[in-house]
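One-letter residues, chain by chain:
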Amino acid sequence: MKWLTKTLHDERRALERARRRFVIKPNEKHLHDVRTAGRRFRSLLEDVADLAPCERLLRRVKKAAAATDAARDATIILRLLEAGLDAGETELARPLLEELQVEEAAATERARKALRRVRFDS
Amino acid sequence: MKPERVELTGVRGVRELAGRVLRVRLREARGLTGGLQRRDQRGLHDFRIACKRLRYALERFGELEPSLGEMALRLALLQDALGEAHDRDVLLSILPPAMAGTERRLRAEREECVNRAGTIWRALSPMMQALDSHRISMSI
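Line by line, the protein sequences are chains W and E. Residue numbering for the first sequence follows my numbering, beginning at 1 and increasing consecutively. Residue numbering for the second sequence follows my numbering, beginning at 1001 and increasing consecutively.
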């Protein structure tokens, strides 16, 4: 089926491009983009598994996504806490904010290293 | 939560493929609406993931039937609402107990997010029924 071949090819390339952008410049936007491209591609592989079984590739996509979970969580939770903090509780929140800032940087670097080792175009 | 397998034996074209995939993903999302009613973290998470799978399928097949794009758009809003509720759940689980003011605010926001998701889901109902009864024609 031409449509399926083309869609698999396009979404795979989109994920590989997003992966490269994140590895080169691991910021919040690129993290979001690589996660979104991964989820889309994963859902496609799962939807059409009967026609185009790609178990090894699917495992690779899942593993790469899992490697970015901690970075995403730290980033989002940090932004949420910064934005939703009760005015009288800034001091109480300071240790958690600092912990999240450290975790955001460390988890993003771990994600970058993990994604540097994987490719989706081969 | 593992996705349900889509049986594709004998599929002859992309419209038939779309029909089979959408039927399964729609059934999955509907089967998990209990989470939206119970409002518990696990149930909401599973429902959100099922909606995400349905949304991606709708977007993918939207080029075949433009009305699918409108459903996908609304599902994206629903996902945003559930995602925001989930983020608050995660933050609440690590928030120091002394931060009562922030906790109250987050809990209230979380409930608003779930309410918003419920409103969007109810508004989607006629579209889902149309898809289910093939009034949105995919030649399925």
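A hint or two may mislead.
Okay, the calculated beta carbon distance ranges per label pair [said to hold, decoys possible]:
(1) A1098/E / R119/W: 45 to 55 Å
(2) E1063/E / S122/W: 22 to 32 Å
(3) R79/W / E1111/E: 18 to 28 Å
Think of the hints as simulated: they come from the structure by calculation, not from any bench. Keep in mind that this is a model prediction, so the values were computed, not measured. Virtual Cβ for every residue (Gly too), placed ideally from N, Cα, C.
Against the structure, the hints come out as follows:
no.: 1; hint: A1098/E / R119/W: 45 to 55 Å; verdict: holds, 47 Å
no.: 2; hint: E1063/E / S122/W: 22 to 32 Å; verdict: holds, 28 Å
no.: 3; hint: R79/W / E1111/E: 18 to 28 Å; verdict: holds, 20 Å
Checked against the numbered hints given earlier, this structure breaks none of them.
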